[in-house]
Amino acid sequence: MTNATIFVVIALLGLFAFVAVRQRSVALVSGATDQLHSLPRYHGYYAAVVVSLPSLLVLLLWVTTGKLIVENLILSGLPQETVAANAERIDLLINRIRLVAENGSAIETDETILSAATRFNSLYQQGVAATLALAVGIAAAGYFYATNKVGRKFRARARYEQVLLVLLAVSSFVAIGITIGIVASLIFESLRFFQQVPIAEFVFGLKWSPQTALRVDQIAAEGSFGAVPLFAGTFLISFVAMCVAGPIGLLSAIYLTQYAGPALRGFAKPLLEILAGIPTVVYGFFAALTVAPMLRNHGAVFGLDVASESALAAGLVMGIMIIPFVSSLSDDAITAVPDSMKQGSLALGATPAETIARVIIPAALPGIISSFLLAISRAVGETMIVVMAAGMRPNLTANPLEAVTTVTVQIVALLTGDQEFNSAKTLSAFALGLALFLTTLVFNIFALRLVRRYRQVYE
Amino acid sequence: MNAVVEPLMATESKPKMSIRDVHVRYGDVHAVKGINLDLYSDKVTALIGPSGCGKSTLLRCLNRMNDTISDCEVRGQIYLDGKDVYASDIDVVQLRARVGMVFQKPNPFPKSIYDNVAYGPRIHGLATDRDALDEIVEASLEKAGLWHEVKDRLDHLGTALSGGQQQRLCIARAIAVNPEVILMDEPCSSLDPIATAKVEALIDELSGRYAIVIVTHSMQQAARVSQKTVFFHLGEMIEYGDTTQIFTAPQQEQTRDYITGRIG
Amino acid sequence: MNDNDEHMPPAMQQVDWASPQMKARLNRRYWMDRLFRGLGLSAVAAATLFLIVLLGNIIQTGVSGFFQTSIEIDVSFDASILPDPALPRSEFSQAVAQVNMQRILRQALLEKFPDVKARGDVVRLTRLLSSGARSQLRSLVVRSPNIVGTTIPVQLLASDEVDQAVKGNIDVSLPEENRKLKNKEVGWLSLLQSENRVSLNFHPRFITSGDSREPELVGVWGAVVGSALTLLVTLLTAFPIGLAAAIYLEEFAPRNRLTTIIEININNLAAVPSIVFGLLGLAFFLGAVGMARSAPLVGGLTLALLSLPTIIISARAAITAVPQSIRDAARGLGASPMQVAFHHVVPQAMPGILTGTIIGMSRALGESAPLLMIGMVAFIVDVPTGIDDPATVLPVQIFLWADSPERAFIEKTSAAIMVLLFFLISMNGIAIWLRQKFERNW
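The listed protein sequences derive, respectively, from chains A, B and C.
Using numbering that gives the first Met the number 0, you'd call the opening residue of the first sequence number 0 and step up by one each time.
Using numbering that gives the first Met the number 0, you'd call the opening residue of the second sequence number 0 and step up by one each time.
Using numbering that gives the first Met the number 0, you'd call the opening residue of the third sequence number 0 and step up by one each time.
If you are wondering where the hints come from, they were derived from the structure by calculation, not from laboratory data.
Note that the coordinates shown come from a computational prediction; the quantities given were computed from them, not determined experimentally.
The beta carbon of each residue, even a glycine, is placed where N, CA and C say it ideally should be.
Any given hint could be a false lead.
As the list claims (entries may be wrong) - The list that follows gives simulated cross-link-like pairs (lysine-lysine, DSS-like), each with its CA atoms no further than 30 Å apart:
hint, chain 1, residue 1, chain 2, residue 2
1, C, 22, B, 110
2, C, 116, C, 179
3, B, 104, B, 32
4, C, 116, C, 166
5, C, 436, A, 268
6, C, 111, C, 183
7, B, 13, B, 82
8, C, 111, C, 179
9, B, 82, B, 32
10, C, 111, C, 166
11, C, 22, B, 13
12, C, 22, B, 82
Said to hold, decoys possible - Distance ranges between label pairs, derived from CB positions:
hint, chain 1, residue 1, chain 2, residue 2, range
13, A, 263, C, 52, 13 to 23 Å
14, A, 334, C, 173, 50 to 60 Å
15, A, 266, C, 192, 40 to 50 Å
16, A, 356, C, 204, 55 to 65 Å
17, A, 356, B, 189, 22 to 32 Å
Sequences are here, hints too, so could you generate the full structure?
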């Protein structure tokens with residue numbers, strides 16, 4: 000029996016309640032449904048909601064917390080000495096238990112863990128059974144409540160709509176929930192990281208080499224966790240990207256809004272949008288396979304030593320990717336400038352270029368800046384291009400011909416492949432994630448503010 | 000190679016601009032139908048008529064602002080000092096500097112008052128140094144009757160002025176490039192009566208120096224500020240004559256109906 | 000000009016538009032305008048060119064990924080090695096599975112090249128063929144048992160190195176030590192080519208099979224199914240929640256601070272880097288909830304978090320576009336606010352909502368960074384059958400192949416990108432079609 004079974008059972012109960020209560024309401028007035036305050040189907044909907052919703056909540060609670068509860072039960076049931084021996088890496092222990100419980104005991108030999116895993120499975124099954132019993136019980140109570148409610152005067156529709164309204168409202172809070180989830184999980188893991196590594200080292204340290212002990216009993220030299228080279232690399236690549244996307248995006252927006260005819264505009268605008276729709280993994284492949292070797296070969300012709308994973312290659316391709324971010328938002332900003340400004344300037348004998356440079360661009364500047372900020376934020380958070388085309392070695396340099404690594408590359412490197420739970424190395428990925436989140440958040444908030452204030456000026 | 004344009008009426012002065020058999024089409028819409036008209040340097044000419052009669056369209060032909068509309072087609076001749084402004088060798092940038100324009104809604108740039116007025120002289124290179132530019136700005140604002148109101152806050156945003164001040168700023172902006180003709184497209188339609196009175200006084204003040212063409216929907220305004228009046232209806236010129244004559248003794252029945260309020 | 004007021008500054012008195020200085024200045028201004036215009040046009044052209052080069056590059060390398068080299072070898076299906084075809088069918092196929100097909104292959108090759116004697120050379124000779132050739136023979140025998148005892152020509156998959164050489168991707172003029180395909184192999188290959196035994200054919204296996212370690216045996220089907228399952232989970236969670244949130248915010252939410260916070264929050268979420276959502280998925284779905292790693296379920300939920308803001312924003316835009324008059328009319332007929340929303344507003348807004356949802360889904364389809372965080376990068380051969388099977392998705396498959404060292408993976412990666420782009424173009428095509436079919440101006 001699984002959680003999915005419980006879900007199906009609850010759904011069937013809800014369906015049953017709908018049919019039964021609907022019929023009951025019809026029977027109550029012997030088919031003369033106009034005597035009911037609410038239509039029979041609303042009585043049915045109401046019953047279905049009363050029956051299934053609380054049970055679904057119980058199920059949701061169990062699905063999200065069940066394994067944690069069982070884990071804690073197992074932990075308290077473990078022999079004292081096992082817990083003591085693994086005091087440092089209690090998560091690792093639990094992980095081993097869960098691995099055996101879920102995938103079988105292929106490599107595990109520790110008797111305590113094997114028995115704990117068996118207990119885990121049986122406890123979990125008990126939990127599932129208890130959840131099912133609770134869900135069915137609540138559903139039954141709901142059913143009796145709903146059937147008793149059926150009556151000529153019962154405002155089933157209003158009650159049903161109240162429940163629906165609450166559901167709609169809860170859905171809109173999910174967005175806040177996601178943000179809270181992001182912030183909470185990042186901060187929680189980062190705090191654990193900062194217990195091991197001082198925050199000052201992370202923020203100001205110039206050396207990034209996340210080496211920690213590989214085994215529990217191994218005492219290796221602690222690594223260094225200075226994030227400065229990572230952010231330097233990130234911003235170097237973003238800078239290169241903006242050098243491509245800024246001029247091309249802005250000039251395209253200007254050309255398409257001010258010079259191009261409707262035909263070219265209708266053709267070129269969607270074409271630019273396609274650039275934003277191409278998956279980043281495709282750009283990464285293009286950067287690593289085509290652009291990087293090309294730069295290296297051409298660099299060699301000019302006597303330049305271009306690294307095969309140069310910041311330039313990743314930055315150039317990323318620049319292509321973010322052209323549409325600059326162009327479409329700048330396009331919006333320029334289009335929002337009232338036409339009367341343009342007319343006023345042209346009527347004074349200004350050329351189109353003078354009108355654009357001296358009137359339209361200054362008037363649209365907040366929107367244009369905001370498009371740049373959003374593009375930078377996108378570049379800073381971009382992952383696949385740099386994972387595929389930028390280097391792994393932290394390098395504090397301003398030379399785009401060298402290889403640098405970025406925050407996102409390190410997060411991916413730290414969290415893919417074999418990882419050690421709870422080590423500073425793994426946790427540092429969350430600290431980097433938090434720093435990345437905050438950095439992009441600053442750019443985004445600033446950009447969105449500018450746009451909003453700018454809209455107020457012209458509307 | 001200036002053409003000799005025969006004036007429509009035997010008058011003492013030579014017309015500044017002459018309009019000969021001008022037709023304007025927007026796609027399928029025939030907005031202006033065969034207009035003949037003379038405009039004089041020392042006179043204010045008012046174009047009146049019900050909305051949609053083509054008066055604004057004709058006005059926008061005089062400095063070729065219609066060029067910015069892609070499906071607008073202009074036929075016929077418009078002469079400025081005997082030279083057709085639609086001729087291929089005419090420079091539209093220069094033309095617009097010589098024929099300035101003031102719009103229906105005040106449209107100051109989101110720049111300082113000073114920069115608004117200095118905009119034209121700067122792009123055309125009319126001032127050799129900063130002092131000359133200061134002089135032009137002051138003189139233009141003075142002529143527009145705005146100098147005393149704004150001289151202490153030239154660095155404030157032009158868009159922060161009141162509606163009437165904004166419109167006078169736009170007039171100052173147009174004057175600053177020293178145009179020969181000023182076109183005004185219902186310059187007071189978005190202003191309150193007091194601001195309107197000030198702008199009308201300003202037009203009167205400027206009337207001897209520039210050829211002024213004003214489009215208005217207000218007959219009283221036409222009567223107050225203009226010396227010549229043209230009445231348009233459905234793209235055709237119904238009547239053209241001295242303002243006093245048009246308002247006191249209109250020759251055409253349609254004109255009479257319009258100024259007495261029977262059509263509109 | 001009659002402007003001769005004595006208080007006019009000299010600068011304002013005369014403008015000689017015909018003066019040479021003015022003419023020169025004017026020319027300069029026009030030149031600047033043309034320059035500006037040219038720059039703008041070249042920016043548009045550059046962006047277009049990038050797109051063409053990018054897609055052209057992918058297609059150019061990718062098309063050959065759909066084709067694979069086969070070598071025709073006369074194989075004698077030795078009755079002394081193979082089981083008796085008279086056996087019942089199931090017993091026969093079981094027996095065939097036990098047969099060492101490599102032996103039959105080796106014999107066939109040695110018959111073709113009798114001069115090859117040295118042990119190393121024999122190994123090299125068999126390496127002309129793919130390791131998949133054995134299972135090709137096996138299924139051939141199972142399909143038609145009566146070939147046992149005969150010798151017939153069979154088309155067998157060539158190894159990736161041979162395939163690359165046939166496609167011209169390996170420069171055989173390079174010094175021998177710089178390439179994997181040695182001179183002897185090149186010799187054998189050209190002999191086979193001169194006998195017209197080498198052919199390049201469309202390779203349906205690339206569409207229908209799962210991942211493999213061998214480039215000539217890989218297929219995208221596993222990743223396509225993985226992507227489909229993942230997107231299904233994403234759609235089933237993000238669409239109802241997104242739609243409900245949009246309905247609430249547009250039709251019911253009071254204008255207060257909380258609503259404003261939700262709105263700002265949604266806009267900000269839409270711009271959060273996707274990898275951060277991966278971290279959330281890792282910490283919450285895998286860490287706290289304890290879901291299975293690498294499964295479409297957890298991948299789909301993570302992508303749902305990611306696409307929720309997009310869906311809410313586009314659904315809200317579609318709902319706002321429904322004119323107030325429709326609401327007023329329905330209210331006037333006695334409908335409750337909920338009925339107005341669900342019976343009138345949402346159906347009218349549905350094309351717009353669906354368009355936005357499809358675009359959100361196509362973005363989710365191309366996403367890979369957050370899926371790396373939750374372990375969807377594993378090497379998985381089997382095609383997943385459910386949302387809790389280990390799976391990978393198309394973009395991650397592309398990432399994995401792009402990382403593989405073999406030369407032949409380059410064209411496979413490009414070919415997989417073509418498959419991904421095909422799905423993206425189809426989805427966006429549907430969105431555009433929806434928008435045009437149902438677009439209305441109120």
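Going down the list of hints, with the structure as the test:
Taking the CA atoms of residue 22 of chain C and residue 110 of chain B, the gap is about 28 Å. The hint holds against a cut of 30 Å. At most 30 Å may separate the alpha-carbon atoms for a hinted pair to count; residue 116 of chain C and residue 179 of chain C meet this at roughly 21 Å. A threshold of 30 Å between alpha carbons decides the hint, and for residue 104 of chain B with residue 32 of chain B the separation of about 27 Å falls inside it, so the pair holds. For the hint linking residue 116 of chain C to residue 166 of chain C, the alpha-carbon distance of about 29 Å falls within 30 Å, and the restraint holds.
In summary, the hint linking residue 436 of chain C to residue 268 of chain A is supported, as the alpha carbons are separated by about 21 Å, within the 30 Å threshold. Straight-line distance between C-alpha atoms of residue 111 of chain C and residue 183 of chain C comes to about 15 Å, which keeps the hinted pair within the 30 Å bound. With a C-alpha separation of about 13 Å, the suggested pairing of residue 13 of chain B with residue 82 of chain B holds against the 30 Å cut-off. Distance check on the hinted pair: residue 111 of chain C and residue 179 of chain C sit about 23 Å apart at the alpha-carbon level, within 30 Å; holds.
Of the supplied pair hints, the one linking residue 82 of chain B and residue 32 of chain B holds, its CA atoms being roughly 21 Å apart against a limit of 30 Å. A hinted pair counts as satisfied when its Cα atoms are at most 30 Å apart, and residue 111 of chain C with residue 166 of chain C qualifies at roughly 23 Å. A distance of roughly 27 Å separates the Cα atoms of residue 22 of chain C and residue 13 of chain B; the hinted pair therefore holds under the 30 Å criterion. For the hint pairing residue 22 of chain C with residue 82 of chain B, the CA-to-CA distance comes to about 18 Å; that is within 30 Å, so the pair holds.
A hinted range of 13 to 23 Å holds for the C-beta pair residue 263 of chain A and residue 52 of chain C, which are about 20 Å apart. Distance hint check: the CB atoms of residue 334 of chain A and residue 173 of chain C are about 56 Å apart, consistent with the given range 50 to 60 Å. For residue 266 of chain A and residue 192 of chain C, the Cβ-Cβ distance of about 46 Å falls inside the hinted range of 40 to 50 Å, so the restraint holds. In this structure the hint that residue 356 of chain A and residue 204 of chain C lie 55 to 65 Å apart at CB holds, the actual value being about 58 Å.
Range check, residue 356 of chain A to residue 189 of chain B: about 28 Å between beta-carbon atoms, so the 22 to 32 Å window is met.
In terms of the numbered hints stated before, the structure departs from none.
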